[in-house]
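Sequences and hints are given; from them, build the entire structure.
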Amino acid sequence: MSGPSALRVAVVYPDLLGTYGDGGNGLILSRRAQWRGYPVELVQALSDEALPTADLYCLGGGEDGPQVRAAEGLLAEPTLTRAVEHGAVVLAVCAGYQIVGRSFPDADGTRREGVGLLDADTVKGAPPRAVGEVLAEPTRLPGTSEPLPTLTGFENHAGRTRLGEGVTPLARLVLGRGNESPAGTEGAVAGRVVGTYLHGPVLARNPALADLLLAWALAVDGLAPLDDHWEEALRYERLHMARRSRRLVARLGRS
Amino acid sequence: MTSAPPAGPRVSAAARLTTSVNRVSRRLGLGSGTVIGGRAGLKVAPDLVARLAAGRPVALVSGTNGKTTTTRLLVAALAEAGPVVTNATGSNMPAGHAAALAAGDRDCPVVLEVDEGYLPATLATTHPQAVILLNLSRDQLDRTNEVRMLAGRWREALAAAPDVAVVANADDPLVVWAAGRAARVTWVSAGLRWRSDAVGCPACEGRIEWRDEGWACACGFARPRPDVVLDDDGDDPTGCFADGERCTVRLALPGRFNRANALSAVVAAEAMGVPRQTALEAVAEVADVAGRFTTVEVGGVTTRLLLAKNPAGWAELFTLVAGETTPVVVAINARVADGKDPSWLFDVAFEELAGRVVVATGDRARDLSVRLHYAEVDHETVLEPVAAIARAAALTRPPGGNGAAPDERHVDFIGNYTAFADLVRQT
Numbered sequence: 001m002s003g004p005s006a007l008r009v010a011v012v013y014p015d016l017l018g019t020y021g022d023g024g025n026g027l028i029l030s031r032r033a034q035w036r037g038y039p040v041e042l043v044q045a046l047s048d049e050a051l052p053t054a055d056l057y058c059l060g061g062g063e064d065g066p067q068v069r070a071a072e073g074l075l076a077e078p079t080l081t082r083a084v085e086h087g088a089v090v091l092a093v094c095a096g097y098q099i100v101g102r103s104f105p106d107a108d109g110t111r112r113e114g115v116g117l118l119d120a121d122t123v124k125g126a127p128p129r130a131v132g133e134v135l136a137e138p139t140r141l142p143g144t145s146e147p148l149p150t151l152t153g154f155e156n157h158a159g160r161t162r163l164g165e166g167v168t169p170l171a172r173l174v175l176g177r178g179n180e181s182p183a184g185t186e187g188a189v190a191g192r193v194v195g196t197y198l199h200g201p202v203l204a205r206n207p208a209l210a211d212l213l214l215a216w217a218l219a220v221d222g223l224a225p226l227d228d229h230w231e232e233a234l235r236y237e238r239l240h241m242a243r244r245s246r247r248l249v250a251r252l253g254r255s
Numbered sequence: 001m002t003s004a005p006p007a008g009p010r011v012s013a014a015a016r017l018t019t020s021v022n023r024v025s026r027r028l029g030l031g032s033g034t035v036i037g038g039r040a041g042l043k044v045a046p047d048l049v050a051r052l053a054a055g056r057p058v059a060l061v062s063g064t065n066g067k068t069t070t071t072r073l074l075v076a077a078l079a080e081a082g083p084v085v086t087n088a089t090g091s092n093m094p095a096g097h098a099a100a101l102a103a104g105d106r107d108c109p110v111v112l113e114v115d116e117g118y119l120p121a122t123l124a125t126t127h128p129q130a131v132i133l134l135n136l137s138r139d140q141l142d143r144t145n146e147v148r149m150l151a152g153r154w155r156e157a158l159a160a161a162p163d164v165a166v167v168a169n170a171d172d173p174l175v176v177w178a179a180g181r182a183a184r185v186t187w188v189s190a191g192l193r194w195r196s197d198a199v200g201c202p203a204c205e206g207r208i209e210w211r212d213e214g215w216a217c218a219c220g221f222a223r224p225r226p227d228v229v230l231d232d233d234g235d236d237p238t239g240c241f242a243d244g245e246r247c248t249v250r251l252a253l254p255g256r257f258n259r260a261n262a263l264s265a266v267v268a269a270e271a272m273g274v275p276r277q278t279a280l281e282a283v284a285e286v287a288d289v290a291g292r293f294t295t296v297e298v299g300g301v302t303t304r305l306l307l308a309k310n311p312a313g314w315a316e317l318f319t320l321v322a323g324e325t326t327p328v329v330v331a332i333n334a335r336v337a338d339g340k341d342p343s344w345l346f347d348v349a350f351e352e353l354a355g356r357v358v359v360a361t362g363d364r365a366r367d368l369s370v371r372l373h374y375a376e377v378d379h380e381t382v383l384e385p386v387a388a389i390a391r392a393a394a395l396t397r398p399p400g401g402n403g404a405a406p407d408e409r410h411v412d413f414i415g416n417y418t419a420f421a422d423l424v425r426q427t
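Protein sequence lines correspond, in order, to chains A and B.
Final position of the first sequence in this note's numbering is 255; the numbers increase by one with none missing.
Final position of the second sequence in this note's numbering is 427; the numbers increase by one with none missing.
Keep in mind the hints are simulated off the structure, nothing from the lab.
Predicted, not measured: the structure shown is a model, and the values here were computed from it.
All clues stand as given, with none of them false.
Pulled from the structure, derived: some chain A residues nowhere near chain B, Cβ distances all over 12 Å:
#: 1; residue: VAL84
#: 2; residue: ASP119
#: 3; residue: ARG243
Coverage of chain A stretches by chain B, computed from C-beta distances (three or more under 8 Å per stretch; other residues unrestricted):
#: 4; stretch: 11-18
#: 5; stretch: 22-32
Note that CB positions come from ideal geometry on N, CA and C, so glycine has one too.
Right under this line is the structure:
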C-alpha cells in the first residue's frame, strides 16, 4: 500500500477481460502518474474477490464466455456503479465497453444485461468481424478546451454497438468500423466513463487520452508534460500507415 | 469410411502435379516451394491428403507453441528405423501436408505439424496412429479462433477418433479438456508457465485454482495424474515414466520446454513402435530446428537465434534467458503470419530484460519500444535487424577494456515468426 492519498488504478477482472493486452492501459496510467510524482497503487482486481474501490477503473477485451461472467460479477455488487456516481473514471475497451453498456449479446446472440454506465446497446453484427487498424478524430470531451489528437488503434470485434441519447461518440471514424450505429462513430463517453473498441493498447498509442483520464481522476486542470518521443514515433508511423491504407480503400472504391 | 481407397490415376496425377509445381517454384526462387504445389494438387484431387496418407503410419503434432520443434524431435526418433516424411518447412495446413505426402516415399511413416485450426480435419483425413497435443494459448487473435472454442473443436474430433494414441499435456487445462473424450491418452506433465488463458474452467466456466503441482475446478474438472513427468529441478533432468523407469533427458537443444517437448515425442514414438531408449538417444542429438536455438555469425557478431511469437512462448523463453547478461535484440513484425495486432506485447513481462543491453527492431519496433518504455527497460531502436544486432554488440563494452572480446560480442536475437524467418534467410 502506498498510503491513503495514492491514486488507485484498478484493472478489472484481468483473469476474464485480459485477452488483448489491454492490461497495459492500467500500467500506462500508473506509470504516467508516477513519472510526474503522484503516488499510485495499481491493483489487479481478480474476479473471485470483491471489487475494490478505486479512482480509475480499466476494463479490457475478453472472449464470449468470460465476458458474460464478468458482467454477472459486476452486476452482483454495487461497487463500480457507486464509484462512478462518486466521480471515478472508467476506461472500458472492447468486451469491457460492451459490458459497461446496457446490454450485449452472448455467444448464442442472447441479450445479456450490462452494467449500464453507458447508454449503449450491443447486438451481434453481420459477419465478417470488424478487424483492423482504426483512425478516428475525437469529439470534444468534457474538461477539454480542444479535441484530443487523432486516435489510433486496432479493432477486433463481432458486436455492433448502438449509441443512445445519453452518450456522445468518443470519435468520428476516418478508417475502421467502430460502433456502426450510428455509422461513422467510434466509442462512447458519458461523464467520466469512456468506452472504445480500440486495442493497441489504446493508451500506448494515444498518450493524450491517458493524460485526460489521469487529469479527471487526479482532479487537476493540467499535467506536466512527459518525454513521449517513443509514443510520438509510434503514432507518426501508425497514422501514416492508416492514412495510406485509407487512400488505398478510397481508390479501390472508385475503380 | 475408415480409410481412403488406394490412390487411383487422378490422385497420382494430382500428386505428380504437386511435386512438379513445387519444384518449379523452388527453381524460380519463389519460396521454399511447399504450399503452391499442394494447392494445385488439392484443386485436382480435394481428397489428396486422405488418399496419400491411406495405409501409412501417421503422427500429428499440434498446439500453439513448440509444434515445429516437437515435429522435428519425433521425426528424429522415427528416423532410427528408416526414412520419414514430414512437412519440415512448417507449412502446417492441408496444402503443406499434401506437398509433404506427395514428395516423400509412399511407404514410409509420416509426421505432420498441424495448425491448431486444422487438427480436426487432419485427424479425419489422415487417421493417425498418434497425436501430440502440446498447449493452447492466445496467438494471432486477429485471425484465429478463441482458444477455448478451439479446445472444444479438438475435443469433438478426438472423441470421433478412438484408435489414435493421444499424448497430451496434463498441465494445460485446455489441452486436458480437448483430450477429455479421447479413448487412449498418455498424460505428460509438460509444464505451463503462461496460465492467463487457463483461468476459466472449460467444463463449467467456473474458476480453475492452481496449486504448486496441479490445478482443479470446484466442478471436479482437474489435472489428470500424469503418466510421464519431467523432473527438471536438479542438474540431471530426468523423465519419469508410468512403468517406473527413470531416464536422463539431456538434449542438444536448450530449455526446460524443449526437454518437455522431447518427452512427448518419445512417448509418441513408443506408440509408433520405437523403443524408448532408441527414441531418447535420437531426440538428444537434434541441434537445429529450422534455425531455432542455433548460433550463427551475423555481420561478424556471434548471435544465438531464438523464436518467441506470443505471450506463452515468451514466458517459456524467459526461463532460458533469465539471469544472463547477454545483450538482447528483440524483433517484432505484425504481418499476416504473425497476427496484425501486436497489442500482445503488453502481455509479455519485458520487465525481465531490465539492466541488459536491449535493442528493439523489426517492422513494429515502435510498438515494442513503447512497451519497453513502460516496462522501464532502457533500449535503443534500430529498424533494420542486422544493423540492430551490430548495434547491440557495439553497445557491449567489457568493463575497463578497449574493445569487445569475441565471447562478449555474443548477442541473443529473439524474433517473432516472420522476423525470425527473415533473419534466418539472411544468415
